[in-house]
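J.: Sequence:
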Amino acid sequence: MYKYLVFVLIVVGFGFVSISENTDPPKSKLELGKLLFFDPILSLDSTISCASCHKPEYAFADTFAISPGIQGRLGRRNAPSVMNMAFRDLMFLDGRSSNLRDQVHFPIGDTLEMGFNIERVIHRLKRHPDYSSYFEKLYGSVPSSENISDAIAIFEESLETSDTEFDRWMNDQKNNMTASAIRGREIFMSKKAKCFDCHFGPDFTGDEFKNIGLYDEMIYVDKGRYEITKDSADLGRFKVPGLRNVAITRPYMHDGSFETLKEVIEYYDNPSQFVKNPINIDTLLLEPLHLTSEEKQ
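Take the sequence shown: its letters are residues 142 to 438, numbered as in our numbering.
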């Protein structure tokens, strides 16, 4: 087990309401958003819901490297967790959306994901006897682009990890942090491992964009943030993900190319072993880290 560097595995305790089958009418906007999140009614052929790619048992991430959409169509990137996004500045791995309410529209309209559009979703929900009454009761109006996205965003904002062993340890409260986990944090924060240079803050992300070497214009061709900004400095850059619940959000990286945290650590120790000629790689990763076997553990 890679028990030191992966000290963040301890933060897998979810701090949100449990997910269960509930046929009762929603009593709040959050419950309505939850209902919509798990309902495939938002997709063209009613086969794909938000939860199809963001599974609660995996911290609202996916186990597929690339999630299948309607009719088995494969998207372009790994589906990241939607947990701990309430206070994030930009959404998606390329930062194309500025908030959760705006973010809702992208997967609905993506031909590789839900293959629909918000206007047709509105029409479908208006004709649905239950949803029509739910929106009227909770929003005082028929379904609209604004209240559909608002309800889903309110639910997503509730998916915050809190009160974990790590949080209690940081707050000098009674906890069960192991010596291995504490040692792992020390390595994580060290100048040698450099993890904290990118993964900092309460959720272990500074919401920055980094090129970690998985772009070479040959095998790794996803241009990442560049597709949004058209700035050559953003070639191959992707948003640094948070690390809470990382123990159960495999596979890793924007393309889901690494199945285990062990593989991730091996990659960061010496990226050039995996990608020979990366383009625009971050200067932090130009030289091997030379982590020892014990440090990697």
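No wet-lab data here; the hints were simulated from the structure.
In this text, a Cβ means the ideal position worked out from N, Cα and C, and glycines have one as well.
A portion of the hints provided could be inaccurate.
What the hints assert, rightly or not - Okay, derived cross-link-like pairs now, EDC-like style, lysine to aspartate or glutamate, Cα gap no bigger than 16 Å in a straight line:
1. K267 - E298
2. K417 - E435
3. K335 - E407
4. K278 - D291
5. K351 - D304
6. K196 - E301
7. K332 - D271
8. K170 - E298
9. K364 - E407
10. K333 - D396
11. K403 - D375
12. K267 - E277
13. K333 - E172
14. K196 - D180
15. K170 - D271
16. K335 - D180
17. K170 - D291
18. K437 - D396
19. K351 - D338
20. K351 - D423
21. K351 - D363
22. K315 - E327
23. K168 - E260
24. K335 - D423
25. K351 - E368
26. K403 - E358
27. K417 - D372
28. K333 - D271
29. K335 - E428
30. K437 - E298
31. K168 - D304
32. K333 - E428
33. K335 - D410
34. K278 - E358
35. K332 - E436
36. K351 - D372
Claimed, not checked - Now the in silico label distances, taken between C-beta atoms and shown as ranges:
37. E368 - D180: 46 to 56 Å
38. K278 - E368: 32 to 42 Å
39. S187 - A320: 45 to 55 Å
40. N258 - A374: 31 to 41 Å
J.: Confirm or reject each hint.
T.: So, going through the hints one by one against the coordinates:
For the hint pairing K267 with E298, the CA-to-CA distance comes to about 25 Å; that exceeds 16 Å, so the pair is violated. For the hint pairing K417 with E435, the CA-to-CA distance comes to about 26 Å; that exceeds 16 Å, so the pair is violated. The hinted pair formed by K335 and E407 meets the criterion: a straight-line CA distance of about 14 Å does not exceed 16 Å. Taking the CA atoms of K278 and D291, the gap is about 15 Å. The hint holds against a cut of 16 Å.
With a C-alpha separation of about 29 Å, the suggested pair K351 and D304 falls outside the 16 Å cut-off, and the hint is violated. A hinted pair counts as satisfied when its Cα atoms are at most 16 Å apart, and K196 with E301 qualifies at roughly 15 Å. Our distance criterion of 16 Å between C-alpha atoms is broken by K332 and D271, whose separation comes to about 56 Å. A distance of roughly 12 Å separates the Cα atoms of K170 and E298; the hinted pair therefore holds under the 16 Å criterion.
Straight-line distance between C-alpha atoms of K364 and E407 comes to about 23 Å, which puts the hinted pair past the 16 Å bound. Distance hint between K333 and D396 is unfulfilled; the C-alpha atoms sit about 26 Å from each other, more than 16 Å. In summary, the hint linking K403 to D375 is not supported, as the alpha carbons are separated by about 28 Å, beyond the 16 Å threshold. For the hint linking K267 to E277, the alpha-carbon distance of about 10 Å falls within 16 Å, and the restraint holds.
A hinted pair counts as satisfied when its Cα atoms are at most 16 Å apart, and K333 with E172 does not qualify at roughly 46 Å. Restraint check for K196 and D180: the C-alpha separation of about 13 Å stays at or below 16 Å, so the hint holds. Distance restraint check for K170 and D271: the Cα-Cα separation of roughly 14 Å lies within the 16 Å cut-off, and the hinted pair is therefore satisfied. For the proposed pair K335 and D180, the alpha carbon gap of about 41 Å is over 16 Å, so the pair is violated.
With a C-alpha separation of about 8 Å, the suggested pair K170 and D291 falls inside the 16 Å cut-off, and the hint holds. The straight-line distance between the Cα atoms of K437 and D396 is roughly 23 Å, outside the 16 Å bound, and the hint therefore fails. Taking the CA atoms of K351 and D338, the gap is about 11 Å. The hint holds against a cut of 16 Å. Straight-line distance between C-alpha atoms of K351 and D423 comes to about 7 Å, which keeps the hinted pair within the 16 Å bound.
With a C-alpha separation of about 13 Å, the suggested pairing of K351 with D363 holds against the 16 Å cut-off. With a C-alpha separation of about 20 Å, the suggested pair K315 and E327 falls outside the 16 Å cut-off, and the hint is violated. Taken as a hint, the K168 and E260 pair is broken in the structure, with Cα atoms around 25 Å apart against an allowance of 16 Å. For the proposed pair K335 and D423, the alpha carbon gap of about 12 Å is at most 16 Å, so the pair holds.
Using a Cα cut-off of 16 Å, the hinted pair K351 and E368 holds, with the two alpha carbons roughly 14 Å apart. Distance check on the hinted pair: K403 and E358 sit about 26 Å apart at the alpha-carbon level, beyond 16 Å; violated. Pair hint K417 plus D372 does not hold up; C-alpha atoms about 24 Å apart against a cutoff of 16 Å. Under the criterion of a C-alpha separation no larger than 16 Å, the hint pairing K333 with D271 is inconsistent with the structure, at around 57 Å.
The suggested pairing of K335 with E428 holds, with an alpha-carbon distance near 12 Å, which does not exceed 16 Å. Restraint check for K437 and E298: not satisfied, since their Cα atoms lie roughly 34 Å apart, outside the 16 Å limit. At roughly 26 Å between alpha-carbon atoms, K168 and D304 are farther apart than 16 Å, so this suggested pair is violated. For the hint pairing K333 with E428, the CA-to-CA distance comes to about 11 Å; that is within 16 Å, so the pair holds.
With a C-alpha separation of about 10 Å, the suggested pairing of K335 with D410 holds against the 16 Å cut-off. Among the hinted pairs, K278 with E358 is inconsistent with the structure: their alpha-carbon atoms are about 52 Å apart, more than 16 Å. Only pairs whose Cα atoms come within 16 Å are accepted, and K332 paired with E436 is accepted, the gap being roughly 13 Å. Restraint check for K351 and D372: the C-alpha separation of about 13 Å stays at or below 16 Å, so the hint holds.
For E368 and D180, the Cβ-Cβ distance of about 30 Å falls outside the hinted range of 46 to 56 Å, so the restraint is violated. For the pair K278 and E368, the beta carbons lie near 41 Å from each other, so the given range of 32 to 42 Å is met. The supplied range of 45 to 55 Å is met by S187 and A320, whose beta-carbon atoms lie about 51 Å from each other. Against the hinted window of 31 to 41 Å, the Cβ-Cβ separation of N258 and A374 comes to about 33 Å, which satisfies the hint.
Comparing the model with each earlier hint shows violations of hints 1, 2, 5, 7, 9, 10, 11, 13, 16, 18, 22, 23, 26, 27, 28, 30, 31, 34 and 37; every other hint is respected.
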